[in-house]
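Colleague: Sequence lines, in order, name chains A, B, C and D.
Using my numbering, you'd call the opening residue of the first sequence number 25 and step up by one each time.
Using my numbering, you'd call the opening residue of the second sequence number 25 and step up by one each time.
Using my numbering, you'd call the opening residue of the third sequence number 25 and step up by one each time.
Using my numbering, you'd call the opening residue of the fourth sequence number 25 and step up by one each time.
Please note: incorrect hints may appear among the correct ones.
Identical copies look the same in the list; a pair holds intra-copy or inter-copy alike.
Stated by the list, open to error - In silico DSSO-like links for lysine-lysine, alpha-carbon gap of 30 Å or less: (1) K118 x K165; (2) K208 x K45; (3) K208 x K220; (4) K208 x K60; (5) K165 x K45; (6) K165 x K60; (7) K60 x K220; (8) K220 x K116; (9) K116 x K165; (10) K118 x K60; (11) K60 x K45; (12) K206 x K118.
These are computed hints drawn from the structure, not numbers from a lab.
Small disclaimer: the values here were computed from a predicted structure and weren't measured.
4 protein chains.
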Amino acid sequence: MSNFENLIEGYYRFRGTEWQKERERWTELAAGQSPKVMIIACSDSRVDPSTIFGTHPGEVFVVRNVANLVPPCENGGGYHGVSAAIEFAVTKLKVEEIVVLGHGACGGVNAALTGSLADSVHGDGGFVLDWIGLLDEARDKVVAEHGTGPEGQRALEEECVRVSIANMMTFPFISERVDAGKLKLRGAVFAIADGKLRVLEGERFANA
Amino acid sequence: MSNFENLIEGYYRFRGTEWQKERERWTELAAGQSPKVMIIACSDSRVDPSTIFGTHPGEVFVVRNVANLVPPCENGGGYHGVSAAIEFAVTKLKVEEIVVLGHGACGGVNAALTGSLADSVHGDGGFVLDWIGLLDEARDKVVAEHGTGPEGQRALEEECVRVSIANMMTFPFISERVDAGKLKLRGAVFAIADGKLRVLEGERFANA
Amino acid sequence: MSNFENLIEGYYRFRGTEWQKERERWTELAAGQSPKVMIIACSDSRVDPSTIFGTHPGEVFVVRNVANLVPPCENGGGYHGVSAAIEFAVTKLKVEEIVVLGHGACGGVNAALTGSLADSVHGDGGFVLDWIGLLDEARDKVVAEHGTGPEGQRALEEECVRVSIANMMTFPFISERVDAGKLKLRGAVFAIADGKLRVLEGERFANA
Amino acid sequence: MSNFENLIEGYYRFRGTEWQKERERWTELAAGQSPKVMIIACSDSRVDPSTIFGTHPGEVFVVRNVANLVPPCENGGGYHGVSAAIEFAVTKLKVEEIVVLGHGACGGVNAALTGSLADSVHGDGGFVLDWIGLLDEARDKVVAEHGTGPEGQRALEEECVRVSIANMMTFPFISERVDAGKLKLRGAVFAIADGKLRVLEGERFANA
């Protein structure tokens with residue numbers, strides 16, 4: 025049996041049980057979404073935010089990409105997927121909070137930390153290399169202080185969340201609303217192995 | 025209570041129940057991920073793929089952005105988030121299937137269909153406008169045949185999935201593996217209102 | 025919502041739960057059926073034999089018609105649905121037992137008992153009148169002894185099971201196998217109100 | 025243990041669990057049935073409609089015979105079991121929908137398709153041969169187009185449902201109600217092997 029067939033079987037379970045139990049909810053949702061929170065999480069198969077936060081359909085607008093990264097504001101042309109999603113969530117859906125969710129054992133962060141993809145070409149790591157270039161500055165700082173081992177990995181996972189938050193602040197439609205108290209930017213890191221969630225409080229991360 | 029606080033409460037529930045029940049599974053997952061499937065879904069709060077397909081942690085590598093779009097291969101510099109995610113999934117994780125999951129009542133598709141964001145500037149719809157420019161050609165074809173009403177919306181939601189699949193085939197590392205039978209590209213559309221899942225079979229969509 | 029839609033929702037439940045749990049069983053069943061028992065039951069919505077006997081897919085071959093009746097063997101042309109089903113079950117599937125399941129509060133039996141459909145024309149009770157003509161002889165005997173009230177109803181429900189068994193014995197392919205000990209004919213009556221099952225033991229019915 | 029004994033054990037389970045849980049429901053049902061739907065299904069042991077549609081006691085009036093066939097209206101004398109059941113359901117119980125449920129791997133359909141029972145005598149396939157004569161015309165059409173292999177089998181299973189629906193329309197008490205919008209005739213085919221349900225929508229069957 026192929027994997028897609030497994031997904032279809034999963035769909036039948038969902039359609040035959042949960043969907044039916046919340047039928048009215050789904051009918052309402054068909055009319056439109058009005059989430060109050062946006063989450064930016066990693067594509068990693070182990071860190072589904074709806075699982076980790078126990079959310080329900082309609083509650084969170086979600087972007088997922090490698091290493092939960094937000095690029096800085098760039099006004100040139102081109103396809104800016106994350107910028108489009110943030111703009112839609114903030115200016116159209118008017119979400120009140122954006123949570124950047126990092127995680128332990130992140131492959132993208134590890135590649136940034138160790139330089140394992142240096143000199144890779146497009147099609148064999150090069151696109152990932154370009155993308156995690158967003159972490160270059162943070163990486164240098166972390167390596168100088170913590171090295172490239174487990175301690176460096178954890179530090180860069182946290183720093184990566186700070187980078188995405190800082191980059192969000194370069195979008196005027198974000199910084200204006202944050203300054204006006206209409207939007208809050210949050211950070212957290214989920215540490216797969218022991219299931220701990222560390223939350224950004226001011227300058228530092230602490231267990232939830 | 026703020027919305028982020030709700031998420032933290034949800035995390036405590038997850039940590040206190042599901043995480044504990046599958047503690048061994050999480051310990052294994054901490055060592056690494058090996059998903060066989062990648063899903064590209066919309067950021068829309070109503071279409072969480074792990075809910076719709078009933079998947080478990082570790083099973084699917086997920087990208088979510090506005091309108092579940094994949095841009096064509098562009099080898100210039102810049103931050104190509106979707107390209108990086110696909111490259112990582114295909115060349116590093118060696119997933120065997122990539123599923124593009126569209127959905128009913130998609131706001132991004134609707135903006136493309138109706139031109140409601142035309143002339144928008146960055147910060148007020150302009151980033152979304154640039155992004156859904158990926159649908160321009162498909163939009164013209166759909167509008168000519170189905171108009172800009174509900175029928176056009178449904179047609180463009182399906183066409184949008186086809187566009188992402190076609191764009192994926194412009195990446196050499198994808199087309200080579202598809203041609204060699206090592207990778208399959210799938211499409212599906214989840215129609216929130218009645219819970220139906222339509223699956224791309226050859227040229228057309230049919231109920232699962 | 026129409027009733028057929030309810031059935032479809034029920035199908036989704038079945039497909040998403042029970043079908044999946046017994047997936048291997050269904051794969052085996054697709055290759056062919058080999059039930060050991062045939063049941064002849066009433067079309068009445070209250071007496072589903074798989075519910076009453078807790079049977080699983082593949083276990084019982086089932087005929088359902090008004091008043092669980094078997095006509096006598098008629099070798100002229102025409103569409104003999106019950107005869108075809110019995111012939112298929114006995115000579116092709118080689119079932120080892122045939123159970124006639126009557127039930128309390130049977131509308132067909134009541135019409136036979138009270139003559140409420142006498143003189144009805146086809147399209148307004150006439151087809152039912154013809155069909156329950158199979159009970160004419162039994163009815164006369166029961167009414168003479170028990171009248172047309174509740175006692176007569178219960179007596180005719182039991183007699184109806186005996187009629188079907190007697191008619192089955194007019195089919196040579198049945199009587200031969202019964203005489204050879206290869207086939208057993210059974211009778212039972214399910215009394216909806218108190219949930220009792222009365223079973224034919226020799227000449228008389230007794231609680232299971 | 026004999027097979028009938030298994031049924032009796034199953035009855036005890038039913039009586040000791042489900043019946044008790046819904047005791048009030050059964051008390052109500054003892055007063056009379058008022059189903060809104062009639063189902064015409066095959067006698068095949070694998071396609072119990074209450075299982076496939078997840079229905080409860082009192083909900084559906086059920087006819088089961090070989091290949092879920094309805095003969096055309098015949099006003100001559102004789103025992104017309106299916107006609108009696110339809111007449112009772114439509115004119116007495118006033119059901120609003122009649123569903124013809126076909127299924128995959130149907131032995132009756134296969135015999136019609138392949139002519140495997142041709143020249144059979146009563147008692148050794150002849151009754152079945154007469155009965156599936158109802159499919160002669162449909163069979164010729166299907167064989168010409170699809171042959172007698174798996175494709176022909178699936179086509180005739182679907183065509184068989186259409187034949188039963190067409191034959192129902194030859195009963196004036198049916199066609200009048202259908203024309204007046206008081207009765208709907210539905211068709212579906214359950215494909216045992218993969219658990220898919222195909223539903224007749226207008227002229228063609230599509231997945232539910």
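Colleague: Output the indices of the hints that this structure fails to meet, ascending.
Modeller: 1, 5, 6
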